[in-house]
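As they're listed, the protein sequences go chains W and S.
Numbered continuously in the working numbering, the first sequence closes out at residue 205.
Numbered continuously in the working numbering, the second sequence closes out at residue 778.
Any given hint might turn out to be false.
What the hints assert, rightly or not - Taking lysine to any residue and the SDA-like style, the derived pairs with C-alpha atoms no more than 20 Å apart in a straight line are:
1) K195/S <-> C214/S
2) K717/S <-> Y47/W
3) K717/S <-> E96/W
4) K124/W <-> I373/S
5) K654/S <-> K200/W
6) K56/S <-> G154/W
7) K654/S <-> E96/W
8) K85/S <-> G61/W
9) K124/W <-> I24/S
10) K95/S <-> K200/W
11) K139/W <-> Y47/W
12) K654/S <-> G154/W
13) K124/W <-> K9/S
14) K717/S <-> G154/W
15) K133/W <-> I24/S
16) K95/S <-> A98/W
17) K424/S <-> Y470/S
Calculated directly from the structure, the hints in this document are not laboratory data.
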Amino acid sequence: MAPMGGPPPAGGRNNMPMRGPGPVNTQEEIDLARLAERCDEMMQIRYLEPADCAFSEKDSGFIQLKIDEKVYTHVDIYRVFPYTNPAEYLSVRDAEDAFREIGIIRQLSAFPEETISLIERHLKLRYFTPEIKEILFVKRRAGVVTMKVRTEYGECRFAFRNNSNAVIRLGENRVFIQDMDENRYQIPDVTKLTIREQKKLDALL
Amino acid sequence: MDKKPLPKKLAETAKTLGITEEQIIAFACPDMNRDCAFVKSYLLLTKEMLVIIDGKVNPGNVFVSESLGEVPEETKDVSEHEIRKIPLEDLDALKLSSQIRTGLMYCEGQTTEVLSYFTIARYGEMLQLTAAFTQLKHPQAGGETETERGRRRRRPETKARRPMEGAPEGMDETEKKMRPREHLPVSLRLFSYLKPHRFRLALVFLCYIAVAACNLVWPYLSGTVLYDQIMSRDPAILKTLHIQGNRFILALGLVVLGMAAAKFLIMVISVLQNLLNAVISNHVIMTLRNDVFASMGELELRYFQNAQTGTLMVRVLQDANIVSRLIVDEMPGCIINIFTLVSTVVIMFSLDVKLALASLLLLPLTVFMSAKIRPRLHVLFGKRHRAERGLNTALNDNIAGARVVKVFGKEPEEIQKFENTNQKVQDAEVDITKFSGLFNASYSFVEEMSTLFIWAIGAYLVLRTEYISYGLLLTFIGYVAQMNRPIQDLVRIFRQWVDSMNAAERLFEIIDAQPQITDAPDALDLDHAKGEIELKHVDFGYEPNIPVFEDFSFKVPAGSMLGIVGRSGAGKTTLVNIISRMYEVNKGSIRIDGVDIRDISLRSLRKNIAMVSQETYIFIGTIAENIAYAKPEATREEIIAAAKLASAHDFICKLPDGYDTVIGASGRNLSGGERQRLSIARAVLADPKILILDEATASVDTETERAIQTSLAALSKNRTTLSIAHRLSTLRDADYLIVLEHGKITEQGTHEELMRLNGTYCMLKELQTNALALKGLE
Numbered sequence: 001m002a003p004m005g006g007p008p009p010a011g012g013r014n015n016m017p018m019r020g021p022g023p024v025n026t027q028e029e030i031d032l033a034r035l036a037e038r039c040d041e042m043m044q045i046r047y048l049e050p051a052d053c054a055f056s057e058k059d060s061g062f063i064q065l066k067i068d069e070k071v072y073t074h075v076d077i078y079r080v081f082p083y084t085n086p087a088e089y090l091s092v093r094d095a096e097d098a099f100r101e102i103g104i105i106r107q108l109s110a111f112p113e114e115t116i117s118l119i120e121r122h123l124k125l126r127y128f129t130p131e132i133k134e135i136l137f138v139k140r141r142a143g144v145v146t147m148k149v150r151t152e153y154g155e156c157r158f159a160f161r162n163n164s165n166a167v168i169r170l171g172e173n174r175v176f177i178q179d180m181d182e183n184r185y186q187i188p189d190v191t192k193l194t195i196r197e198q199k200k201l202d203a204l205l
Numbered sequence: 001m002d003k004k005p006l007p008k009k010l011a012e013t014a015k016t017l018g019i020t021e022e023q024i025i026a027f028a029c030p031d032m033n034r035d036c037a038f039v040k041s042y043l044l045l046t047k048e049m050l051v052i053i054d055g056k057v058n059p060g061n062v063f064v065s066e067s068l069g070e071v072p073e074e075t076k077d078v079s080e081h082e083i084r085k086i087p088l089e090d091l092d093a094l095k096l097s098s099q100i101r102t103g104l105m106y107c108e109g110q111t112t113e114v115l116s117y118f119t120i121a122r123y124g125e126m127l128q129l130t131a132a133f134t135q136l137k138h139p140q141a142g143g144e145t146e147t148e149r150g151r152r153r154r155r156p157e158t159k160a161r162r163p164m165e166g167a168p169e170g171m172d173e174t175e176k177k178m179r180p181r182e183h184l185p186v187s188l189r190l191f192s193y194l195k196p197h198r199f200r201l202a203l204v205f206l207c208y209i210a211v212a213a214c215n216l217v218w219p220y221l222s223g224t225v226l227y228d229q230i231m232s233r234d235p236a237i238l239k240t241l242h243i244q245g246n247r248f249i250l251a252l253g254l255v256v257l258g259m260a261a262a263k264f265l266i267m268v269i270s271v272l273q274n275l276l277n278a279v280i281s282n283h284v285i286m287t288l289r290n291d292v293f294a295s296m297g298e299l300e301l302r303y304f305q306n307a308q309t310g311t312l313m314v315r316v317l318q319d320a321n322i323v324s325r326l327i328v329d330e331m332p333g334c335i336i337n338i339f340t341l342v343s344t345v346v347i348m349f350s351l352d353v354k355l356a357l358a359s360l361l362l363l364p365l366t367v368f369m370s371a372k373i374r375p376r377l378h379v380l381f382g383k384r385h386r387a388e389r390g391l392n393t394a395l396n397d398n399i400a401g402a403r404v405v406k407v408f409g410k411e412p413e414e415i416q417k418f419e420n421t422n423q424k425v426q427d428a429e430v431d432i433t434k435f436s437g438l439f440n441a442s443y444s445f446v447e448e449m450s451t452l453f454i455w456a457i458g459a460y461l462v463l464r465t466e467y468i469s470y471g472l473l474l475t476f477i478g479y480v481a482q483m484n485r486p487i488q489d490l491v492r493i494f495r496q497w498v499d500s501m502n503a504a505e506r507l508f509e510i511i512d513a514q515p516q517i518t519d520a521p522d523a524l525d526l527d528h529a530k531g532e533i534e535l536k537h538v539d540f541g542y543e544p545n546i547p548v549f550e551d552f553s554f555k556v557p558a559g560s561m562l563g564i565v566g567r568s569g570a571g572k573t574t575l576v577n578i579i580s581r582m583y584e585v586n587k588g589s590i591r592i593d594g595v596d597i598r599d600i601s602l603r604s605l606r607k608n609i610a611m612v613s614q615e616t617y618i619f620i621g622t623i624a625e626n627i628a629y630a631k632p633e634a635t636r637e638e639i640i641a642a643a644k645l646a647s648a649h650d651f652i653c654k655l656p657d658g659y660d661t662v663i664g665a666s667g668r669n670l671s672g673g674e675r676q677r678l679s680i681a682r683a684v685l686a687d688p689k690i691l692i693l694d695e696a697t698a699s700v701d702t703e704t705e706r707a708i709q710t711s712l713a714a715l716s717k718n719r720t721t722l723s724i725a726h727r728l729s730t731l732r733d734a735d736y737l738i739v740l741e742h743g744k745i746t747e748q749g750t751h752e753e754l755m756r757l758n759g760t761y762c763m764l765k766e767l768q769t770n771a772l773a774l775k776g777l778e
């Protein structure tokens with residue numbers, strides 16, 4: 001995954017066209033034009049308007065986006081602020097062109113119902129983080145914590161090393177636990193757990 | 001590839017499908033469906049086909065994290081599952097796509113289609129399966145996709161830990177070895193370190209029993225024998241002691257000697273016991289340290305990068321600890337001790353002046369020992385402290401320099417070095433224990449002897465004259481014993497006091513430090529700065545006698561870009577430091593929009609100047625918080641826009657936690673270029689009138705530099721920009737350039753003018769162009 005999108009322009013010598021470009025030959029002129037276009041693109045943010053774009057799910061299981069008559073057959077959607085704004089600012093990227101950003105969805109709720117459910121389903125998979133509804137048991141041994149919990153997806157058992165990297169606190173009451181396999185579990189509000197569960201958890205926080 | 005056995009039931013199912021165990025090249029157990037429900041699915045790869053056995057959604061399914069190393073329940077009846085067979089000729093490629101917390105496998109060929117979904121824990125085995133497929137399909141290529149490579153790079157630790165054969169019951173060999181040890185409670189593991197010392201331990205127990213026995217003898221001698229037999233002149237005692245006649249004084253002398261011997265025995269045994277204790281505990285600690293260090297050498301690099309290595313903070317914390325201990329623990333003890341001492345002396349004198357004087361006769365000896373001999377122990381403590389510091393330095397070096405150690409393969413040497421340092425600590429520790437054991441023993445011996453002295457004198461007085469009663473004597477002895485402890489404590493507290501005062505001094509030094517640069521009383525706020533900068537006859541030096549600039553003047557018009565060129569040490573960074581008033585000039589003035597910066601409030605000055613330097617500092621917090629550092633009230637859109645301008649948006653979006661990623665001290669580590677781009681985004685959001693770029697692109701690759709350059713070019717529009725760079729290509733957009741040498745401007749003008757001048761600039765430019773041309777970059 002190359003974050004910078006696109007290969008470097010070949011043979012580009014004087015490729016900073018912003019101020020007083022010197023004399024250049026034809027080949028370089030083309031490069032410059034391409035680079036300038038790329039650079040302009042890089043600096044611009046396109047916010048996607050519901051009216052301009054049509055999201056659909058293809059048989060392949062990937063999301064297709066049609067925008068301005070252009071069709072992207074495989075787009076991936078990333079949360080820009082996965083925890084603090086999960087339903088806003090979604091970055092839509094072209095998986096077939098080095099994950100270049102096509103645009104940002106400012107607010108998912110502004111889109112039609114079927115688009116919302118499609119994108120939500122994909123986001124759910126991408127950011128799969130079971131919510132811990134109930135802590136069934138916590139066992140601590142030699143720095144390794146084993147937990148059995150009930151989540152919305154069913155019962156989960158996992159283990160993690162009890163250090164600062166495994167238990168992440170976000171805000172006052174939100175807790176994320178990352179197990180040894182890098183699966184994540186979240187407790188949206190610790191205070192909503194029973195006192196007994198909180199006591200079990202206290203030893204870890 | 002070593003084959004791991006298939007789960008039994010799966011093998012049976014495979015048989016019903018007409019596939020023998022030998023035909024299966026690879027298998028994997030994806031554990032999810034497209035709706036994120038936990039299922040037990042299987043993938044079988046043979047030479048002819050890929051078999052997908054899709055698990056059913058069952059509310060009773062329990063998700064078991066792979067690292068628990070438990071065998072997931074085998075599906076009872078696979079026949080109910082949806083089974084799909086895809087001939088290999090229909091598949092061109094099997095690819096994995098990382099979904100941050102999950103993953104999916106899709107095929108390319110006749111159709112592009114997602115075939116299965118799995119949690120991140122299954123990534124390893126899925127990777128095995130796709131690799132086996134690629135190997136089968138394109139034996140010569142044997143490669144992996146870009147995504148997969150990226151994925152592996154990101155998780156180097158899982159490669160070693162995770163079984164790569166895709167077995168669900170997977171524990172690899174190292175894991176199996178580690179497990180039993182890991183699961184022992186810490187205390188039990190500590191006990192295992194005591195094993196080599198079992199004989200010494202037995203001896204220590206014997207010592208305890210002997211001391212207890214001696215201590216039992218003492219009251220017997222002082223009570224029964226002394227009072228009931230000798231003092232009440234019981235002839236039986238003379239008989240037992242084989243003493244002729246009525247010589248009770250001789251009997252008394254013998255008993256006293258016996259008691260002294262008992263105490264002496266206790267002393268000898270305690271010395272032995274202390275020595276044993278010290279040898280055992282220090283050896284255990286040393287072994288532990290060596291073990292920890294040796295295994296640290298084996299740990300992955302990431303572990304070191306996350307470890308905290310602060311030295312100043314530690315010192316400050318330690319100093320604070322010392323001071324607080326004195327205040328919290330010792331001061332109350334001190335008061336109680338003084339009170340006890342004074343009241344004891346008063347009571348003693350009020351009871352009997354002569355006996356009180358006699359009691360205090362030996363007191364100077366204990367005071368002398370505490371005050372004069374004990375300090376030698378202190379010297380030894382210092383020695384140990386230095387040895388420990390050496391140990392910490394060795395440790396610190398290895399944590400901070402873990403990369404260098406690994407690169408040069410110096411782990412064995414470093415471990416040897418560490419063991420040597422550790423040996424020194426142990427030696428120092430043993431020295432201390434030897435001396436303090438001897439000292440403590442002889443000290444308490446003197447203590448006991450002084451009590452005995454009073455006791456003897458008292459008893460003599462009781463026997464010879466009727467001057468005092470037994471009861472009074474006993475009371476005095478009690479008091480004298482009571483005085484020893486406070487004296488000892490007071491001497492100790494006094495010494496600690498000196499230490500604590502030193503520590504407090506260091507702390508106050510920090511607290512009392514006065515800021516050198518402050519606001520003038522009538523400082524102005526620069527509200528709508530244009531950004532014109534002028535230096536007039538500036539003299540400056542970090543040390544007053546070593547000037548960096550002398551009579552230095554130049555002017556930068558508002559909104560233009562000034563490039564500053566010069567060799568290392570020419571004063572480039574110093575120049576921008578004095579312009580942003582990090583240091584005060586010695587003479588002359590620096591003006592912004594015609595106002596002396598000393599007349600501008602620091603707040604508004606700093607608000608108008610932003611600096612992006614080669615040293616980037618990332619605070620503990622999320623990426624969004626770091627970007628919004630100078631403008632905490634920034635909206636989400638402003639933050640995204642700033643990141644976008646700084647070419648940071650893309651890499652941030654690809655982090656699993658996006659802008660919410662926690663970075664800094666113990667958080668995720670960013671690369672040099674990433675940090676650089678974050679600090680540019682920070683500057684963008686601050687929206688300053690004057691932008692200082694101090695080697696802003698020094699730590700990034702050419703590719704990233706181009707991106708950053710573009711950002712910076714966009715950023716410097718309508719701003720006064722001072723740009724320092726070694727790479728002259730960075731400065732090609734500058735309106736005006738100055739060349740600094742030894743704090744003086746030697747050349748100035750536009751790029752063309754300087755090239756025509758054929759001086760330093762021209763030379764540097766040519767050197768760099770040639771160097772880059774050699775590398776094929778320009």
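We went through each hint and held it up to the structure:
{"no.": "1", "hint": "K195/S <-> C214/S", "verdict": "violated (29 Å)"}
{"no.": "2", "hint": "K717/S <-> Y47/W", "verdict": "violated (24 Å)"}
{"no.": "3", "hint": "K717/S <-> E96/W", "verdict": "violated (34 Å)"}
{"no.": "4", "hint": "K124/W <-> I373/S", "verdict": "violated (73 Å)"}
{"no.": "5", "hint": "K654/S <-> K200/W", "verdict": "violated (34 Å)"}
{"no.": "6", "hint": "K56/S <-> G154/W", "verdict": "holds (14 Å)"}
{"no.": "7", "hint": "K654/S <-> E96/W", "verdict": "holds (15 Å)"}
{"no.": "8", "hint": "K85/S <-> G61/W", "verdict": "holds (19 Å)"}
{"no.": "9", "hint": "K124/W <-> I24/S", "verdict": "violated (33 Å)"}
{"no.": "10", "hint": "K95/S <-> K200/W", "verdict": "violated (41 Å)"}
{"no.": "11", "hint": "K139/W <-> Y47/W", "verdict": "violated (48 Å)"}
{"no.": "12", "hint": "K654/S <-> G154/W", "verdict": "violated (29 Å)"}
{"no.": "13", "hint": "K124/W <-> K9/S", "verdict": "violated (32 Å)"}
{"no.": "14", "hint": "K717/S <-> G154/W", "verdict": "violated (56 Å)"}
{"no.": "15", "hint": "K133/W <-> I24/S", "verdict": "violated (40 Å)"}
{"no.": "16", "hint": "K95/S <-> A98/W", "verdict": "holds (15 Å)"}
{"no.": "17", "hint": "K424/S <-> Y470/S", "verdict": "violated (54 Å)"}
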